[in-house]
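A.B. asks: Listed below, chain by chain, are the residues.
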Amino acid sequence: MFRNLPIYTLLTNLTKATCSWYIKVSFLAIIAICINVISIYFSEKATLRVMKAFHLSSNNYSEWALEQVTPRMYNFSNYSKSASAKEQVNHYPTRLMTFVNSKRKLRDQATFHISSEYRGTRLETIFLVSEKPENKFSLFKIKQQESYENREN
Amino acid sequence: MKIERIKAYKSCLLFILAAIYIKVLFFLPMFRANLEVELRVSDLFPGALSSTPFLLIIYSLPVLTCICFISKKKIAYLYSAILLILCSLILLLHIGTYNDATFTTSLWASIWLLLLTLSPMDDAKQKLQLIGIGQLIIAMTFLGGFIGKLTPEYWSGEVLFNAYFMYKNNLPYPLIRSLCDTETIRVIAKYFSVMVILTELFMALSFLLPVRKFVPIGIIICSGIVLFSHIYLFSVMGPLIGIIVSIHFLNKDSDETLKDKALSQNLPSL
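Residue numbers (my numbering), protein chains in the order written: chain X, 1 to 153; chain C, 1 to 270.
Calculated from the structure, these hints are not laboratory results. Hints should not be assumed to be uniformly reliable.
[Unchecked claim] Simulated pairs of lysine-lysine, BS3-like, Cα-Cα distance not exceeding 27 Å: (1) 168(C) - 16(X); (2) 24(X) - 7(C); (3) 81(X) - 10(C); (4) 72(C) - 10(C); (5) 24(X) - 23(C); (6) 141(X) - 86(X); (7) 2(C) - 73(C); (8) 168(C) - 213(C); (9) 24(X) - 74(C); (10) 168(C) - 24(X); (11) 23(C) - 136(X); (12) 125(C) - 190(C).
[Stated by the list, open to error] Over the 12 Å line for every Cβ pair with chain C, so calculated as not near, a few chain X residues: (13) 45; (14) 77; (15) 90; (16) 93; (17) 109; (18) 113; (19) 117; (20) 124.
Glycine is no exception: its CB is placed at the ideal position from the N, C-alpha and C atoms.
Based on the sequences and whatever the hints tell you, model everything.
C.D. replies: And the structure:
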């Protein structure tokens, strides 16, 4: 039965000349991304790397960009906290900064707090909200705190 | 290109374009607000990738790929796939649109379009290899969702209780709020959350399904996710549905090729 599946044909032909290099490269890219996805379950370091990408605070832009091509729909438990309320955000917690209404709300406060939690690993980031110079709305990371609980794998 | 390959390409392209532009009325006020007040986050984003005029240009460029609906030239299909890959990638990396998973799925569906244009399909095996890659892209996307939810906050239903059941204004959530008390909603959210996790696990393993089962099940699940969330979630699921529909056309073609071969082998020589 397994022999009739496309995945069987793909795997058994990968090393043959009839398999084009486009297919080989795509297969390897998908496997690399799947390993990257699964790594957050086992490694706190990997979890924090992804959380930092969610908080727009990766070490540099290329590191952040590499995370962006990995599908991570509705990962982690994310919260954003403003002066008025604490809100569960089901995807990037930083998206509240780019949404029209929430951005207007943000303009009236001095700081913006976000947090993400996954299997006992927690990252909390505080941004300073600044509107100087005029018409430039800037958020600067002023504090970031990591905390862990032991994982039972 | 063969008619089945063209059908596969066009159907996937249609879903990608519908996914990108279904949220146009949502995106435009956002872009307008970004034009009024420029947004910067700790100087992470390079110049062009925080520029709103540049974002507007990139967001409108995929319209050009509509040429594929009238042209039969392979070059049009090739350039359209490359254009879609570049636009999706830039939108995924831009400060104005990075948070939208639309461009993650449209990027991968556009890569699939490129493979569909480039890959030789001289025999059924080569077609099956391509279908295998398409199934793996779908599986990878759901694996990303599944792994990220393996945390107590999802198993208990807390995340969906707060983000969906107590907040969403589209059906069935207001109805549930009006009919049930908070504790009952918590229980519903818990079971719903577990169902979401198990559905994602099932889709992450869907490459183990034969194509004839994979296609209808994949379309039903992706459409169901849109129905139970918000019509705007079509922007994320649309490109995935596009890949599944094009797999259907390719598989139909493979089946017919195999049937033709079997028939010709059984025919007495003239």
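A.B. asks: If a hint holds in the structure, say so; if it does not, say that too.
C.D. replies: Evaluated hints:
For the suggested pair residue 168(C) and residue 16(X), the alpha carbons sit about 51 Å apart, so the restraint of at most 27 Å is broken. At most 27 Å may separate the alpha-carbon atoms for a hinted pair to count; residue 24(X) and residue 7(C) meet this at roughly 24 Å. Restraint check for residue 81(X) and residue 10(C): the C-alpha separation of about 44 Å exceeds 27 Å, so the hint is violated. The straight-line distance between the Cα atoms of residue 72(C) and residue 10(C) is roughly 11 Å, inside the 27 Å bound, and the hint therefore holds.
Pair hint residue 24(X) plus residue 23(C) does not hold up; C-alpha atoms about 34 Å apart against a cutoff of 27 Å. Between residue 141(X) and residue 86(X) the alpha-carbon distance is near 19 Å, which keeps this suggested pair within the 27 Å criterion. The suggested pairing of residue 2(C) with residue 73(C) holds, with an alpha-carbon distance near 11 Å, which does not exceed 27 Å. Proposed proximity of residue 168(C) and residue 213(C) is contradicted: the alpha carbons are some 33 Å apart, above 27 Å.
Between residue 24(X) and residue 74(C) the CA atoms are separated by roughly 22 Å; this keeps the pair inside 27 Å, and the hint holds. Proposed proximity of residue 168(C) and residue 24(X) is contradicted: the alpha carbons are some 43 Å apart, above 27 Å. With a CA separation close to 26 Å, the supplied pair residue 23(C) and residue 136(X) stays within the 27 Å bound. Proximity of residue 125(C) to residue 190(C) is assessed by CA-CA distance (about 44 Å); at most 27 Å being required, the pair is judged violated.
With a least beta-carbon separation of about 15 Å from chain C, residue 45(X) lies farther than 12 Å from that chain, consistent with its non-interface assignment. Here residue 77(X) does not stay apart from chain C, with its beta-carbon only about 4 Å from theirs, under the 12 Å limit. Chain C draws residue 90(X) into its interface by the beta-carbon criterion, the shortest separation being 4 Å against a cut-off of 12 Å. For residue 93(X), the non-interface assignment is contradicted: its Cβ lies about 9 Å from the closest Cβ of chain C, within the 12 Å cut-off.
Its beta-carbon lying about 15 Å from the closest one in chain C, residue 109(X) satisfies the requirement of being farther than 12 Å from that chain. Every Cβ of chain C is farther than 12 Å from the Cβ of residue 113(X); the closest lies at roughly 15 Å, confirming the non-interface assignment. Not every beta carbon of chain C lies more than 12 Å from that of residue 117(X), the smallest distance being close to 6 Å; the non-interface claim is violated. In this structure residue 124(X) is separated from chain C by more than 12 Å, as the shortest Cβ-Cβ distance comes to about 15 Å.
The structure is inconsistent with the numbered hints 1, 3, 5, 8, 10, 12, 14, 15, 16 and 19, although it conforms to all the rest.
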